[in-house]
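> Take a look at the letters that make up each chain.
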Amino acid sequence: MHEFSLAVSMVELAQAAARREGAERIEAIHVEIGALSGVVPEALEFAFLGAREGTMAAAARLEITYRQGVAFCDACQTEFVIDNRFGIAVCPTCEVPSAELREGREMHVSHLEVA
Amino acid sequence: MADPIVTRDVRVSAHGTTEVTGARIVQVQRSLMAHNDAVAATNREAFAHCLVINVVSSPGSGKTALLERTVRELGGELQLAVIVGDLETDNDALRIHAAGAPSVQIVTGTVCHLEAEMVARAVERLDLTSLDVLVIENVGNLVCPAAWDLGEDLRITLLSVTEGEDKPLKYPRIFREAHAVVINKLDIAEAVGYDRARALDNLRQVTPAAQLFELSARTGEGMGSWLGFLRERLSSKRG
Numbered sequence: 001m002h003e004f005s006l007a008v009s010m011v012e013l014a015q016a017a018a019r020r021e022g023a024e025r026i027e028a029i030h031v032e033i034g035a036l037s038g039v040v041p042e043a044l045e046f047a048f049l050g051a052r053e054g055t056m057a058a059a060a061r062l063e064i065t066y067r068q069g070v071a072f073c074d075a076c077q078t079e080f081v082i083d084n085r086f087g088i089a090v091c092p093t094c095e096v097p098s099a100e101l102r103e104g105r106e107m108h109v110s111h112l113e114v115a
Numbered sequence: 001m002a003d004p005i006v007t008r009d010v011r012v013s014a015h016g017t018t019e020v021t022g023a024r025i026v027q028v029q030r031s032l033m034a035h036n037d038a039v040a041a042t043n044r045e046a047f048a049h050c051l052v053i054n055v056v057s058s059p060g061s062g063k064t065a066l067l068e069r070t071v072r073e074l075g076g077e078l079q080l081a082v083i084v085g086d087l088e089t090d091n092d093a094l095r096i097h098a099a100g101a102p103s104v105q106i107v108t109g110t111v112c113h114l115e116a117e118m119v120a121r122a123v124e125r126l127d128l129t130s131l132d133v134l135v136i137e138n139v140g141n142l143v144c145p146a147a148w149d150l151g152e153d154l155r156i157t158l159l160s161v162t163e164g165e166d167k168p169l170k171y172p173r174i175f176r177e178a179h180a181v182v183i184n185k186l187d188i189a190e191a192v193g194y195d196r197a198r199a200l201d202n203l204r205q206v207t208p209a210a211q212l213f214e215l216s217a218r219t220g221e222g223m224g225s226w227l228g229f230l231r232e233r234l235s236s237k238r239g
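Chains as they are written, first to last, in the numbering used here: chain A, 1 to 115; chain B, 1 to 239.
You may find that some hints are simply not true.
So the derived label-pair ranges between C-beta atoms look like this [said to hold, decoys possible]:
#1 B:E88 / A:D83: 51 to 59 Å
#2 A:I64 / B:V192: 47 to 55 Å
#3 A:I64 / B:E45: 31 to 39 Å
#4 A:D74 / B:R231: 39 to 47 Å
#5 B:D166 / A:A43: 22 to 30 Å
Not everything, but these chain A residues come out facing chain B in the computed CB check (under 10 Å) [as the list claims (entries may be wrong)]:
#6 H2
#7 S9
#8 I29
#9 L36
#10 S37
#11 V40
#12 E42
#13 L49
#14 I88
#15 V90
#16 T93
#17 V96
#18 A99
#19 M107
For the record, the hints were derived by calculation from the structure and aren't laboratory data.
The structure presented is a predicted model; accordingly, all values stated were derived computationally and were not measured.
Every residue, glycine too, gets a C-beta built ideally from N, C-alpha and C.
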């Protein structure tokens with residue numbers, strides 16, 4: 001359950017940004033989570049319910065956008081979408097495993113809706 | 001790539017925020033790991049003169065046994081210290097101490113991984129200037145420690161022959177991000193029906209660039225190349 005640590009960081013980042021903007025409350029937090037980040041979205045949603053208590057985000061929605069994994073194949077020098085729900089990066093053309101992930105590990109707060 | 005969620009019609013205003021009917025959009029674009037990564041960067045500066053390795057595995061793979069033997073075999077030539085993370089008890093720190101290296105136990109309570117800040121507090125109890133190698137033995141867990149940079153130079157993932165050859169496929173992230181993978185308990189491989197070819201093939205799929213060591217921390221078989229790897233990485237770090 002490392003999602004609780006992440007949810008706490010998420011609320012802290014959101015509050016800092018909302019305060020800077022002079023907002024009174026946070027209505028929604030929009031996050032981007034990569035398919036290879038190791039984050040379980042349901043666990044993050046659950047952890048958020050605890051982490052938001054007593055904060056400016058106490059009544060906020062959590063909006064999660066998923067980002068698929070993208071890797072680079074050294075053999076054919078092209079990027080490919082990791083078409084495997086387990087996140088194993090094997091080039092669909094060359095069938096060679098890739099060591100270079102270019103996208104999919106994101107875990108970030110993109111923007112907020114505040115009032 | 002999926003488009004970002006657009007919940008309402010928005011117009012970007014002159015001062016960088018975006019006006020929406022009823023609610024304002026505030027751009028943040030910061031990683032959830034931003035705080036941890038900043039502390040990890042500070043740790044990395046403090047670790048400028050010693051080699052720091054972060055050892056991760058499932059519970060019971062033999063992390064402490066590997067470190068005990070590493071401490072015993074390198075202790076004569078290098079100064080080592082170990083930071084040990086566990087949910088409860090200081091048993092592992094005591095074992096490392098008995099093997100001859102200073103050790104600091106971090107008891108994480110319910111937290112399933114080490115974070116950079118916990119390591120920053122633990123190193124305050126060590127004399128970093130006298131150290132050659134600092135080992136961070138992470139909490140036994142193949143999921144959670146993967147995301148947290150602690151400021152280490154190398155991440156080492158340990159896999160024992162008793163765990164099943166498909167562990168790398170089941171927990172790809174922690175193997176993918178390893179600089180080296182150590183396969184432990186080679187001494188009992190035959191008794192547990194370990195399929196070496198399959199394990200290596202699975203590892204290659206998930207982490208094609210990681211260095212591989214096959215050893216038994218109990219008998220000492222295969223320890224030579226692991227110790228050589230540590231010596232070599234230490235000297236290349238010090239240039």
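> Enumerate the violated hints, using their earlier numbering and listing them in ascending order.
Numbers 1, 2, 4, 12, 13, 16, in rising order.
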